[in-house]
Amino acid sequence: MPDVILQNLPFLMRGLAATLQIAAVTAVGGTLLGLAVGVAVYLRLPLLAASLRIYIEFVRGTPLLVMLFICYFAFPALLGYRTTAEQATILGFILFIGAYIAEDVRSGLRSIKPGLAQAALATGLTCFQAMRLIVIPLALRRIVPSLFNQYVRLLKFTSVASVIGVQEFTGSAMLVNARVFAPVTMLAFVALTYLVLCLLLSMVGRVLHAHLAV
Amino acid sequence: MRYAGSFLAAVAAAFLAWSGIAVAQTPQNTLAAIKERGKILAGVKFDTPPFGFLDEKNEPIGFDLDLVRKIAEKLGVGVEFVKVTSPTRIPLLASGNVDLVAASMTNTPEREKTIDFSITYYTGGQSLLVPAESKITGLKDLDGKEVAVQQGTTLEKNIAAAAPNAKVTAFKDYNSAWLALAQGRVDALTGSLNILQGFQKNNPKFKIVGDMFSVEPFGIGVRKGDSDLRDAINATLRDLWASGEYTALYRKYFGTDPTIPIETRP
Amino acid sequence: MSYRFDWGPIWEARALILDGLVTTVLLSTSALVLASIIGLVVGTAASSRRLGLRIGAGAIVELTRNVPLLIHMYIWYIGLAFLRLPPFWCGVLGLAIYSGAYVAEIVRGGIASVPVGQGKAALATGLTPVQALFFVVYPQALRIVAPSLANVFSQLIKDSSLASVIAVMELTYEASAIEGQSFRTFEIYITICALYLLLVTMVTLALRFLPGEQENISGLGLAGA
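Chains as they are written, first to last, in our numbering: chain X, 1 to 214; chain Y, 1001 to 1266; chain S, 2001 to 2225.
It is worth saying that the hints were derived from the structure and are not from the lab. Quick caveat, the model's predicted, so the values are computed rather than measured. Glycine residues also receive a C-beta, built at the ideal position from the N, C-alpha and C atoms. Some hints here could point you the wrong way.
[Said to hold, decoys possible] Okay, the calculated bits of chain X under chain Y, using three or more residues with CB under 8 Å as the criterion:
#1 78-88
#2 156-168
#3 175-185
Chain X on its own, in the form it takes in the complex (with noise of 0.2 Å):
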């Protein structure tokens, strides 16, 4: 490795950590988030599920950047609150991917055929107990692959954090950058340590459906 890499591996490592542990957070966040919106629009649970809708389409609409402006910026000073950059950087991942997921979700469920949940409930199975027991899981084992499509995208998406100041590795290794002035070999080892990172996940993806196919 080269030696500006090698100097400044240690702060360079902070920064990876810092963009794996923001990428498992909201990645298991957004899962949830989604899961919970989806089964509720897919219910069309009545209020909510217009609500939600408005959500999903408001996020869908909103460029990431902007989202996380909005989590660090807008919301504090319109809702008079306190927030770090690494918060609000977890709040707007958490609500962008959230509702992605949430479309996802919403498709599997319907991709789950109307006679298996009432086959659920003839057996004496609350509605409740045929979501949970029978249709969610069926529903989420359909959507791996694009889950985990949503992970690699919250994983390239962590290198928007620094914008807004959070040391993650893309801000860490621009902030060495500025001081050793080795674009070419700091922009190669990034980019490469995003492609293996993202590589890997996909691949993880991958095995996991394969393992569960049904």
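The hints should help you fit chains Y and S onto chain X, whose structure is shown.
Then chains Y and S, alone, in the frame of chain X:
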């Protein structure tokens, strides 16, 4: 859109409540809040030598940071540094994300409408940094030339007024503006003289040209009406001046003695 | 809620917002055209019967879409600075190459969905392979992939906001500039959100009403990533 906005706001509030962050009004007395918390949240820059930058070990240091450390010492609390840039520093202060901003910020009447300033702790002046072989010798040579500046600064307004025929590009932070000059994307970088010297120190391929064309009184920013905190900052600054510690810090970062004494009355 | 709304400064800055909007439209349109060309070439290569072409195209797709867009832009802007490309074109290239990989995947899927007999029949009527692609295969594939294409294109429009980081004075850049002067944080971001939503909706609608698209209109739209 209004519904979507308020709905998202509700989700945000729920998330914050869940993650244990208090959704509360910013307390009026920040000084009391700092003492209760045990540390100051200070907005500083990480890309603006010698005021706030990263050393070889990638640790943040700088004149602004040392001043904040002294203020914290005086108050008997710790410090947490929060990275800010010129366009983000006032929004972050106003929204309560930081208690104070010590980020080479010029005191202007316009900003005074939104925030309060400490006494002037440093007086800078705007100048130009150009490549060593450049033919630019001052403002008069900037017609039609590309000039880099930081977004959301007084520098941006000054250069537009001082060199109306220059093509000015405003960057989000000093880092990007400096990179633009270093990579030859622009013909000149304009900024406070000492900051330009900070960049030039490690890069002899650049030179500073022309006379200073503005006076920039730097102040530490606090939220509007935070008089207790501002008074504490001012008291510390005056103590530092009286004890000679200010001069020592100044020498450490600027290599000379201070030419202008800091204000001794509010 | 103690926040007091004040839309005055936003209205005063309307000229700047309009400038930004025009730049966003130009940036997205240029990148969209370029991404379509890249996607068509790479996607067709990926559908080729030649193994070498398929592997090459696959490698290009994986290499480009697994690197964050911001890094793509930095590569053109900072990494290849000696090319002296203006920031606008660095943004266009970054966006086009990144999105081109996604378009290529869609093109490959679209071609695969056209029955092989169609291509063969076209060749039998005396069309050259290129003519067969453009007059028979692509039009049919386009109808099938229009919804996914709409998704990638609306994503591209939103992603163009990242060009603000390399000082392209588009919508998001102007928004931070206006925010920095007026501190009307919420108002300005809601305004540009509405403008992005407008652009995205326009692209989605345009692709929904492609000629011959009406028959499979159900299940289109913003849904599905």
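Hints and how they fare:
1. 78-88: This one holds; 9 residues, not fewer than the three required, reach chain Y with a Cβ under 8 Å.
2. 156-168: holds (count 4)
3. 175-185: Contact hint for the region 175-185 of chain X vs chain Y: holds, 7 residues under 8 Å.
Checked against the numbered hints above, the structure violates none of them.
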